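Assemble the dimeric complex from its two separately framed chains, guided by the hints.
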Amino acid sequence: MINPVMLSMLWTATLDTLTMVGLGTALATVLGLPLGILLATTAPKHILEQPLVHRALGGIVNIGRSVPFIILMVAIIPFTRLLVGSSIGTTAAVVPLTVAAIPFVARLIDGAFKEIDPGVIEAAESMGASPPVIIFKVMIPEALPALILAVTLTAVNLVGYSAMAGAIGGGGLGDLAIRYGYQRFRGDIMLQTVVILVLLVQGIQMLGDKIAQRLYHRQ
Amino acid sequence: MIEFKDVTKTFTGKNTVHALKGVSLKIPAGGIFGVIGQSGAGKSTLIRCINMLERPDSGEVWVDGILMNRLSPKELRQARKETGMIFQHFNLLSSRTVFQNIAFPLELAGVSKDKVRSRVGQLAELVGLTDKLQTYPRQLSGGQKQRVGIARALATEPKLLLCDEATSALDPETTRSVLSLLRTINENLGLTIVLITHEMAVIQQICDHVAVLEDGVLRETGRVIDVFTRPQSQATANMLQGLHGSKLPAELRSKGSANTLVRLTFIDQRAHQPIISQMIRTHDLDVNILYGRIDQMKTTPFGMLLVELDGTREQVTEAVQFLQKNQVEVEVLSP
Ligand SMILES: Nc1ncnc2c1ncn2[C@@H]1O[C@H](COP(=O)(O)OP(=O)(O)OP(=O)(O)O)[C@@H](O)[C@H]1O
Ligand SMILES: [Mg+2]
Chain A
0 MINPVMLSML
10 WTATLDTLTM
20 VGLGTALATV
30 LGLPLGILLA
40 TTAPKHILEQ
50 PLVHRALGGI
60 VNIGRSVPFI
70 ILMVAIIPFT
80 RLLVGSSIGT
90 TAAVVPLTVA
100 AIPFVARLID
110 GAFKEIDPGV
120 IEAAESMGAS
130 PPVIIFKVMI
140 PEALPALILA
150 VTLTAVNLVG
160 YSAMAGAIGG
170 GGLGDLAIRY
180 GYQRFRGDIM
190 LQTVVILVLL
200 VQGIQMLGDK
210 IAQRLYHRQ
Chain B
0 MIEFKDVTKT
10 FTGKNTVHAL
20 KGVSLKIPAG
30 GIFGVIGQSG
40 AGKSTLIRCI
50 NMLERPDSGE
60 VWVDGILMNR
70 LSPKELRQAR
80 KETGMIFQHF
90 NLLSSRTVFQ
100 NIAFPLELAG
110 VSKDKVRSRV
120 GQLAELVGLT
130 DKLQTYPRQL
140 SGGQKQRVGI
150 ARALATEPKL
160 LLCDEATSAL
170 DPETTRSVLS
180 LLRTINENLG
190 LTIVLITHEM
200 AVIQQICDHV
210 AVLEDGVLRE
220 TGRVIDVFTR
230 PQSQATANML
240 QGLHGSKLPA
250 ELRSKGSANT
260 LVRLTFIDQR
270 AHQPIISQMI
280 RTHDLDVNIL
290 YGRIDQMKTT
300 PFGMLLVELD
310 GTREQVTEAV
320 QFLQKNQVEV
330 EVLSP
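So the protein sequences, as listed, match chains A and B. First residue of the first sequence: 0, per numbering that gives the first Met the number 0; consecutive thereafter. First residue of the second sequence: 0, per numbering that gives the first Met the number 0; consecutive thereafter.
None of these hints come from the bench; they were simulated from the model. Incorrect hints may appear among the rest.
Calculated cross-link-like contacts (lysine-lysine; reagent style DSSO-like; alpha-carbon spacing at most 27 Å) [as the list claims (entries may be wrong)]:
(1) B:Lys-73 x A:Lys-113
(2) B:Lys-4 x B:Lys-25
(3) B:Lys-131 x A:Lys-136
(4) B:Lys-114 x B:Lys-131
(5) B:Lys-80 x B:Lys-114
(6) A:Lys-113 x B:Lys-13
(7) A:Lys-136 x A:Lys-209
(8) A:Lys-136 x B:Lys-80
(9) B:Lys-114 x A:Lys-136
(10) B:Lys-25 x A:Lys-136
(11) A:Lys-113 x B:Lys-114
(12) B:Lys-4 x A:Lys-44
(13) B:Lys-114 x A:Lys-44
Just so it is clear, the structure is predicted and the values come from calculations on it, not from any experiment.
Looking at chain B on its own, in the form it has when it is part of the complex (with noise of 0.2 Å):
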C-alpha cells in the first residue's frame, strides 16, 4: 500500500535539523500501522510525507503504486482527496457547525446538497455524534472533537486514514474509546490506518504493525507481538520497559541467588496451557514466581512471569529447553 525509500528530510533553519535519515519501509494494506518514537524522533514528519504536506528532500513515497514525490499540484490535491488525516489538536473549523464540519471536504468534492445530508446523517452515527450536528466544536469536549475529526476524515470514504497523535491529548478513557473506534472503523471499512503515537499502550491496543523510530532512524519494523516480544533494538526496549515494568527490580539482581532467573513471555494459546505445571511434575523442579502479568495485545493475550528456577544444572537446562519446544520465549537473566 504504501512505501517509503530512503526517504531524507533535513530542516534548515537556526540550526540544521536531520529529521528522516533514509527511512525506507512498506506499510502493507487493510491493516492498522503504528509509527512509535520519542518526542522529536521524526514520526509527524514521516507521516506528513506520505501526503506530502513535508516534501521529502530524497527518497521515494508510493502509496497505492503512485509515486507521491511527482504528482502535480493538481495531482496531489486529487491524491490528498482519497486520503483521510486527523490530528493531534482536532483542526476542525471553529466557524462552522459539527455538520457543516463534516461536510466540508464532501463540498470540496462537488457532493449534491441531498447526498451531503445523508452522508453526514451516517457518518454522525458511526462516530455516535448525531445529537450535536448543529453545535459548534467549541462547545464540545476533546473526545467528542476527535470523533468529528474522524467523521470529516472519512466523509469521502478514503482507503487510508493518517492519525498524527491522534489521543495524545485526549484523557485514558476518552483516549480507549477513541481508538476503539478506528479499530471498528478498520475492521468495518477495511480502510488502511497509519497512526504515530508516543505511546507504547496505544500500539499494543490497536495496532497489527510497528515501526520504532529514533532520532530519524527506523530501528525495527514488523508485527506488533513479535517486536514487543522479541525487540532487536535498544530503542524499542527502553520503550518497553515503561509498558511492561519488566525491569528487573535492583534488589534481586544484587542479591545473587543460586537460582537461575528467567523471563518467560507466553503468547496466544500458550498463555492459556499449564506449561508451568507441567515443566515443574516432568523436570523435578522448584519454581519461585517472582513477578507475572497477563496482557492483551490488540485482540492477541499476552503474559510474562519473572521466574527463579531451583534446580542442578542439567535441570535447568533441560527445563528451558522443553519451555522453548512449547514456544514460550526464555531470556535468561542470571547468572
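The shape of chain A in the complex, shown without the other chains (with noise of 0.2 Å):
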C-alpha cells in the first residue's frame, strides 16, 4: 500500500515542514519578543511609557497581521532572494513563514504581558528595579506560561501557513500533497499528509501545553 519510495518522499516532506515550522517559530519568536516587549512597555502607564511609539509600533503590527499570507510571501519575493538566495525551497519559504509570524507572536506577547498584575512590576518598581531589571527578572518569569502558549499558537499557525508556503514550491507537507495528491489525483497521498499535519499540530499543543502547565502549577 505504502511503497518505500512514498515513504521516503512522507518522511522528507515531514522534515521539511518541521524545518519550517521549527525555524520560523525560532526566529518570530527571537525577533517578536523585543517587539511584543516595546508595545507592552510603551503603553499608557507602563514602565516605558510613550505613547506616539506604542500607536506606531501597534499599526505596524496590526498591519502586518492582516496582510494574508499568500499575499505577502509573493510581495516579499525580492527581499527573500536578497537573503537566501532563491525564492523556491524550504529554506526561503522560512523567510515569508516568519515575516508573517513576527507581528502574530508581538501580539500575543503583548497580551501575555497584560495579564500580569500590575501591582507587581509597581512593587518591583518601589524597590528601585529599572526597566531593563523589571523586564527580565520580573515581566518574562511572571508571563512565562502565557508566553510558551502563544509560542505553540505561533507554531500551530506555522503548520498551517508552511502548507501555503508549499503550494508555490516551499516543499513539505504542503507542496507534497499539491503535486501528488492534487494534481496527480494520488487521494491516499493527500489524506496521509493531512493525518500528518494533525499529528504534528496536537503534537507541537501537546507539548505548549505541558511545558505552560507545569510552569503554572509551581506557582
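If you want it as C-alpha cells, here you go:
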C-alpha cells in the first residue's frame, strides 16, 4: 500500500515542514519578543510609557497581521532572494513564514504581558528596579506560562502557513499534497499528508500545554 | 524625616479628580505615623508621593533632607532602595518562592549569594516563616503573604517603611498579628513606619501620630491620643463615632432630664484613679453612670464615661472644674 518511495517522500516532506515550522517559530520568537516587550512597556502608565512609539508599533503590527499570507509571500520575493539567494525551496519559505509570524508573536506576547498584575510591577518599581530589570526579572518570569502558550500557538499557525508555502514550491507536506495528491489525483497521499499535519498540530499543542502547565503548577 | 509642602495632585481623565489639594505635613522619624480617611480621600496618592510612584503636580516632598521630586530616574531608584513598601494585595512575584521573593531586593542591590542566604534566613525568622521558604505565594494564606511582603520590604534594611492598607485584605485576627509584627519591627529596628488605613482601630492599635485626610484636604494631624480625645474636625469626629460607640442614644437626648449629661475621657494614669468617687465625696452630688468603656491606645490606657450629674447648678459647675483640674476631659452634652 505505502511503497518505500512514497514513504521516503512523506518522511522528507515531514522533515521539511518541521524545519520550516521550527525555524520560523524560533526566528519569529527571537524577533517578535523585543517587539512584544516594546509594545507592552510603551503602553500608557507602563514602565517605558511612550504614546507615539506605542501607537506606531501597534499600527505596524496590525498591518502586518492583516496582510494575507499568500500575498505577503509573493510580495516579499525580492527580499527573500536577497536574503537566501532563492525564492523557492524550504529555506526560502522560512523567510515569509518568519515575517508573517513576527507581528503575530508580538501581539500575543503583548497580551501575555498585559495579564501581569500591575501591582507586581509597581512593587518592583518601589524597590528601585530599573526597566530592564523589571522586564527580565519580573515581566518575563511572571508571564512565562502565557509566553510558552503564545509560542505554541504561533507554531501551530505556522504549520498551516507552511502548507500554503508548499503551494508555491516551498517543499514540505503542503507541497507533496498539492503535487501528488491534487495534481496527480493521489487521494491516498493527500490523506496521508493531512493525517501527518493533524498529528503535528496535536503534538505541538500538547507539548506547549504540558510545559506551560508545569510552569504554572509550580506557581 | 518626611515633609510635604503644599503638595497637590490632580488626575485628569474622563472626569478630573483633585486627589490632593495642597497638603502640608510633617512626619517625625522613628514612630508609626497613620493616615486615615474615607475611600477616595487621597490616602494612597499621598503615600505614593513619598516614593514618587505618583508624582505631585506641585509642591515638594522631602525625605531625610532629599527633595524627592527633583531626583533623576537613577537617583530615584537609589532612594527607593532605601525605602520599603508593602501593599494591600501583597504584590508578591508568583513565579518565585518565598525565599526568592524575599531575596529579590537583595539581588537588585547586588548582594552576594551567601549574604542573601543568611539575610533571608534572618528575615524569615523575624516574620515567622522559616518553614515556608520553599513554597510559592499561591500556597500561602493572606496573613502569610503579607509577612512575606514585610520581610521583602525590610530586606535592604530601609529606614522607612510605607504601608498602603497593609491589613485591609485580612481578617481581624490576622490583622492584629500583622499589626503587632509592625509594632515589634518599629520598636526593635527603629525604622519609621507610615501606614494608611480607613480603620480607626488600626490607628488606635499601633500609631503614635495620625493625620486625617478628607477629600484631598488634611483636616488635622497630631498625636493619636490628642486627636482621638479632642478631635478638631468634623471628619475626625465622624470616624471616631464608629470606634467609641459614644454617640448619645436618641432616647436619652430626648428624655430632657433635668440632670447634666457629660462625657468624661480619662487618659493614661487618670484611667486608674478613683476620681469619680473623690468627686462624689467632695462635692456631694449624685452620679448616674449611663455608659462606659476602657480601651487602649497603642500602650496608653484610655477610658470613656457617659454620666449624669445630679445636683444644684453650683455643685455641678464645681464638680466639672474639679474634674478638669484632674486632667479629665469633660464635654457637657446637655442641657
Ligand atoms: N491613576 C489614577 N487615575 C485617575 N484617578 C485616580 C488615580 N488614582 C487615584 N485616582 C482618584 O483619586 C482619588 C484619590 O484616590 P486614592 O487612591 O488616593 O484614595 P484612597 O484614599 O487611597 O482610597 P481607598 O481607601 O479607596 O484606597 C480617587 O477619587 C481616585 O478615583
Ligand atoms: Mg487606597
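So, going through the hints one by one against the coordinates:
For a cut-off of 27 Å, the pair hint linking B:Lys-73 to A:Lys-113 stands: about 26 Å separates their Cα positions. For the hint pairing B:Lys-4 with B:Lys-25, the CA-to-CA distance comes to about 9 Å; that is within 27 Å, so the pair holds. A hinted pair counts as satisfied when its Cα atoms are at most 27 Å apart, and B:Lys-131 with A:Lys-136 qualifies at roughly 22 Å. Distance hint between B:Lys-114 and B:Lys-131 is fulfilled; the C-alpha atoms sit about 19 Å from each other, no more than 27 Å.
Annotation: proposed proximity of B:Lys-80 to B:Lys-114 holds, straight-line Cα distance about 17 Å (limit 27 Å). For the given pair, A:Lys-113 sits about 22 Å from B:Lys-13 by alpha-carbon distance, which is consistent with the 27 Å threshold. For the proposed pair A:Lys-136 and A:Lys-209, the alpha carbon gap of about 23 Å is at most 27 Å, so the pair holds. Between the alpha carbons of A:Lys-136 and B:Lys-80 the distance comes to roughly 16 Å, so the proposed pair stays at or under 27 Å and holds.
For a cut-off of 27 Å, the pair hint linking B:Lys-114 to A:Lys-136 stands: about 20 Å separates their Cα positions. Pair hint B:Lys-25 plus A:Lys-136 does not hold up; C-alpha atoms about 36 Å apart against a cutoff of 27 Å. As the CA atoms of A:Lys-113 and B:Lys-114 are separated by approximately 35 Å, the hinted pair breaks the 27 Å bound. Taken as a hint, the B:Lys-4 and A:Lys-44 pair is honoured in the structure, with Cα atoms around 26 Å apart against an allowance of 27 Å.
As the CA atoms of B:Lys-114 and A:Lys-44 are separated by approximately 35 Å, the hinted pair breaks the 27 Å bound.
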